[in-house]
Amino acid sequence: MAKQFNQLAYTNLDDFVYGSCPNPVTTKSGMVIGGGMVYPEINFTLPGMDINDVTMPKAATIYSNIIEGVLKRAAELYAPGVLIEFETLPDFTEHPKYGIEVNRILLNGMKEASEKYGLKTAIRTTPNDLREFSRPPVMRSGKYWETMLELYEQCARDGSDFFSIESTGGKEIHDSALVKADIRLAIFALGILGCNDMEFLWKHLVDLSNANSCFAAGDSACGFANTAMVLAEKGFIPHVFAAVIRVAAVPRALVAFEQGAVGPSKDCAYEGPYLKAITGSPISMEGKTAAGAHLSPIGNIAAAVADTWSNESIQQVKLLSEMAPVVAMEQLIYDCRLMNAATLNGQQLMFRDLLVQSDSALDVQAYVLRPDVVMRISAELVKTQDNFLRTKLAAQLTVAELKKAIVEGKVKSDKRDMKWLDKMEKAIETIPDDPNEFYNEMKSVLDMDKFIPSEYGL
Amino acid sequence: MAKQFNQLAYTNLDDFVYGSCPNPVTTKSGMVIGGGMVYPEINFTLPGMDINDVTMPKAATIYSNIIEGVLKRAAELYAPGVLIEFETLPDFTEHPKYGIEVNRILLNGMKEASEKYGLKTAIRTTPNDLREFSRPPVMRSGKYWETMLELYEQCARDGSDFFSIESTGGKEIHDSALVKADIRLAIFALGILGCNDMEFLWKHLVDLSNANSCFAAGDSACGFANTAMVLAEKGFIPHVFAAVIRVAAVPRALVAFEQGAVGPSKDCAYEGPYLKAITGSPISMEGKTAAGAHLSPIGNIAAAVADTWSNESIQQVKLLSEMAPVVAMEQLIYDCRLMNAATLNGQQLMFRDLLVQSDSALDVQAYVLRPDVVMRISAELVKTQDNFLRTKLAAQLTVAELKKAIVEGKVKSDKRDMKWLDKMEKAIETIPDDPNEFYNEMKSVLDMDKFIPSEYGL
Amino acid sequence: MATLNDVSQCVLDGDLDGIKVLVQALIDDGTDPIVIINDGLIAGMNIVAPLFKSGEMFVPEVMESADTMNEGMKLVKPLITDEDIPSKGKIIIGTVNGDLHDIGKNLLVMMMESRGYTVIDLGVDVKEEAFSAAVKEHKPNIVGMSSLLTTTMMKIESTIKQLVADGLRNQVKIIIGGAPVTQEFADDVGADGYSDDASTAVELCDRMMSDQSSSEALSA
Amino acid sequence: MATLNDVSQCVLDGDLDGIKVLVQALIDDGTDPIVIINDGLIAGMNIVAPLFKSGEMFVPEVMESADTMNEGMKLVKPLITDEDIPSKGKIIIGTVNGDLHDIGKNLLVMMMESRGYTVIDLGVDVKEEAFSAAVKEHKPNIVGMSSLLTTTMMKIESTIKQLVADGLRNQVKIIIGGAPVTQEFADDVGADGYSDDASTAVELCDRMMSDQSSSEALSA
Ligand SMILES: [Zn+2]
Ligand SMILES: [Zn+2]
Ligand SMILES: [Zn+2]
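One line per chain: the protein sequences are P, V, F and Z, in this order.
The first sequence: position 110 = 110 (UniProt numbering), numbered continuously.
The second sequence: position 198 = 198 (UniProt numbering), numbered continuously.
The third sequence: position 50 = 50 (UniProt numbering), numbered continuously.
The fourth sequence: position 26 = 26 (UniProt numbering), numbered continuously.
A portion of the hints provided could be inaccurate.
[Stated by the list, open to error] As a list, the in silico DSS-like pairs of lysine-lysine whose alpha-carbon atoms are at most 25 Å apart: (1) V:Lys404 to V:Lys423; (2) Z:Lys127 to V:Lys143; (3) V:Lys403 to V:Lys419; (4) V:Lys58 to V:Lys97; (5) P:Lys116 to V:Lys412; (6) V:Lys234 to P:Lys120.
No lab work stands behind these hints, which were simulated from the structure alone.
Let the hints inform the model, and build the full structure from the sequences given.
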């Protein structure tokens, strides 16, 4: 373990605001992320189409149209800088030559925008984690692992600023935990499988990025906590369950930073505020302006301590005005303008609190992103260095926070929420503090056809 | 003329804020527009398709899916109320039975949402102005005029809350004024043709709405000033020209209120702030969250004094998360939450100024929407009751404001802007104060094949 | 005395222990096993489905009900032959080639089973040929395919083409779903139906099966 | 002495009075009228086009340049026969059935004319049959159609179908444009090209004409 986080990065809640952080990161083009200003982060993807040798020229044209369009609009609206995220499609990781080609197209578009408009840009390359394509997933070797590393390495050499990933270690177990709303199983998947895989994966990614003058930026529990959020939005699982999963995913995300990641963390990682509180690194967040990628109950509060503000993703489809990525670019820039205008006036704290106030009482998932809640829970999490215990603790503390908030009328709650919180509380209490003991206990309920213990060092 | 506006509705610039106005309007469902809270206003349209008897069932299904989807999301996000705008497609005005059917579908969806979720809603019915389909346009009789009135009347009887329109009187001349950046011709089109048609048209609409317990809400110079804005965004005409056209369109829009319209004015009528300053009526505005319908340089400032906040329009197409109208609904609600949270804290003035500050120095079209500029120019406009003179004056005052702002470095300007402002200033000076004299002067340059003077009472 | 209503309520409550006692009691009373299935176990799930649809039950609760039903089935099944087990129809379900997102698919499997369908779950990342082979082998009434990615949704089309090429298309109804899928896309690729969530997919299958039986009745 | 460069500069400056003097001077000097057109007037517009595209000139300025060129043409035209007037090709332009939005269309007309094309402007709200009749009558190289509404864009397709039905489709290249139109839509309806603004539409036509002449050269 490269770094230990045993204290908070902030001593004062009032310093914990969007746009700045104790450890900003400077991109190759000179954008200082976390240095005072919130930057827009744009992501985009292809419309529905096959990817193969025949269609790749078309895909390449689409990506080059997108990058040209979004950066032109960014320049017209005087964006102070733009972070591009290139989140690959599965085919781009499986066939690194495709992913490398698209990454180069984007880098080239960034270069052109710099020459033409003087626009500062940076790129985050986020390969798709294909390791789960083997069933049961093969996490530490095999073709998916190899092609992923190949893609990272070449993209870094070609000039990428940041590495990210939405890694999937433990997802094969966590999926069932979600639909069963089984908090014990979820803690096992996140706190043991997830954390173990993160340690293995991010050690490699940090080494790779260090060797290629690129930054290891961070991971996202997208397949865990965001899947929970989407299921909750559909009414499939309780909102309180999704809220607890959100915070229980924090220790997993933290592992990347222990290994040497420096941020900005991934946009769809709503673990971000916790990471920022603990590591002092810049974070990326997404909210209302990412509604084209997923609906959420955290449209404004997500921005409260963001350092880049993202649209998550949007396909290249035509809206009435323009292609959807251009529309997203415009919306992000206006959101950032407003936040940065407040900062310019020294009103960032007041503006942060408005963002918080506007959402936090309406959904438990918004409530757990309140800066004060984040600081309170984070302060406890840094007291232990054991990832599994941290995960268990995160869940426990969140249940307690939510029960208190509901009792005090601080957050809207469904009549069934308290029942579910009680149920989770009891279940968490039964989890032993020793991870091996817990694993042994879990063996009877784990579907051993679904995962390979040795792929997680078990 | 029913009403005269010879003084401002506000005495204090600090009272001129979003969400409230001196003369709020209460909908059938009890939403008080301009009563303290900003409401979302959602508009949507069909994807690319033909409209005829064969396809109408499909169109009807699409509209009923849309209304169900957007109101469900509004309820899930606890919107305090939603204003729906049904802006018809040309075929819906040409064949009123189609428009009436869709309006009923929407009313029905609203009723269901009220029963199911207790959601308050209201609907603005905005038929398409087809009178320009005759070339030269026939404004005061004929089938397009008749079918339009038929559509209004039945929709009001069926329960619509508001009438609006983007009327087109004078557009046949104004289009050439735009591409030639000819301010004299534009003032003729807006100040004589436009105002004359508005007087005729809105007298009818106010009578119709009074007779059917519906509100006459307001018009939009969409085909004039928004076309100018779009042309300016494309780099086709100078931004300063578009900014001057924006304000020169105010007297035209005011005519509807003289005739008895009460607001909320149309979303795409960026004349809105001026109308609110002068009439004290609530206004609808759109900005960054309408980027799917048109890009703009006024994404935030447009909200500064808005009473409803609109997405303008979006087709029913699938984005990664959901259908685009649902996405727009979510974004509008979060924008409104933030503004209303500030109001709840008594910070609406501070928040208004942030919206203003974030855009107003970056584009002349944003600059002319500054509340202080709006109040200053409006204070002069109310001194005359002659619509033509008001239009000339509006252009003149805007040129002067912009020259001053550019000289003082208060707004970003293109190196060619001052030249164009000088050119406009000189051209406006040559316009006589007597509209008949002006009309006689213009006859030599007017393309008399394009318009019929008697349709404008000339 | 235990009643069929008690069985239904037990399924609704997800009472795994209670169901064994109740079903055994009914068996011991000599109640027809088919009646226990139809009017007790499946009847319970038929209360669950609308509650799930209206948001009053969560998926984990639905799953507990389904588990409870299955627990009851275990006791009844040995008493009847396989052919006597009532089935509303047979459906083959899988995520298409290249797609691993199976939460929605798994939900549908569970809900179809609880509704009384015979479900053959092909799992994730199912190649075009595998769908086709399964249709040949199992002769289902319905084939359900899902895709969560814009890049894999095209595999729905290629799978349908495969079924056409293998002469199997007319023997089955095809339903499709997943985030990027729309009615328009379904029409384009020639699917018979589209659904954006598990509960409406179940209703869609019910409608298809009743259409099928009425057309069979007509041709009979 | 007046030079062809002066004429070009005069067009660029949009100097309506100056152009008359200059062109008359060149005519009086005995300069070949065709040379005045090609190397003076059109050459001037050829400087204008890229300046417009790069945002250095506004449409009203381009229009003044075009007017200036036309003013010069008025003096030169009587000196040559109609057939000698150089044309880069003939194009028919209109907005489709039901669509009245003509600002973009008018821009294109102006820019095509200034580029040396012969333009037949059918105006707005042009019915399918009217496009077809005009193609029959004028035998253009290119047909340009625009639509600004999602409901009228389908008329592009029906107009193309009309041309197919009348056996005229293969005689022309078809370019389309307007806010809702995309390359994908162009491919779907079988148009030859798509453009989202007037300047790229002109370039598109240039490319089509040079493709056409090279294929004609091949087949000759
Ligand atoms: Zn994600
Ligand atoms: Zn409009
Ligand atoms: Zn509108």
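**Request:** Provide an ascending list of the numbers of those earlier hints which the structure does not satisfy.
**Result:** Of the numbered hints, all hold.
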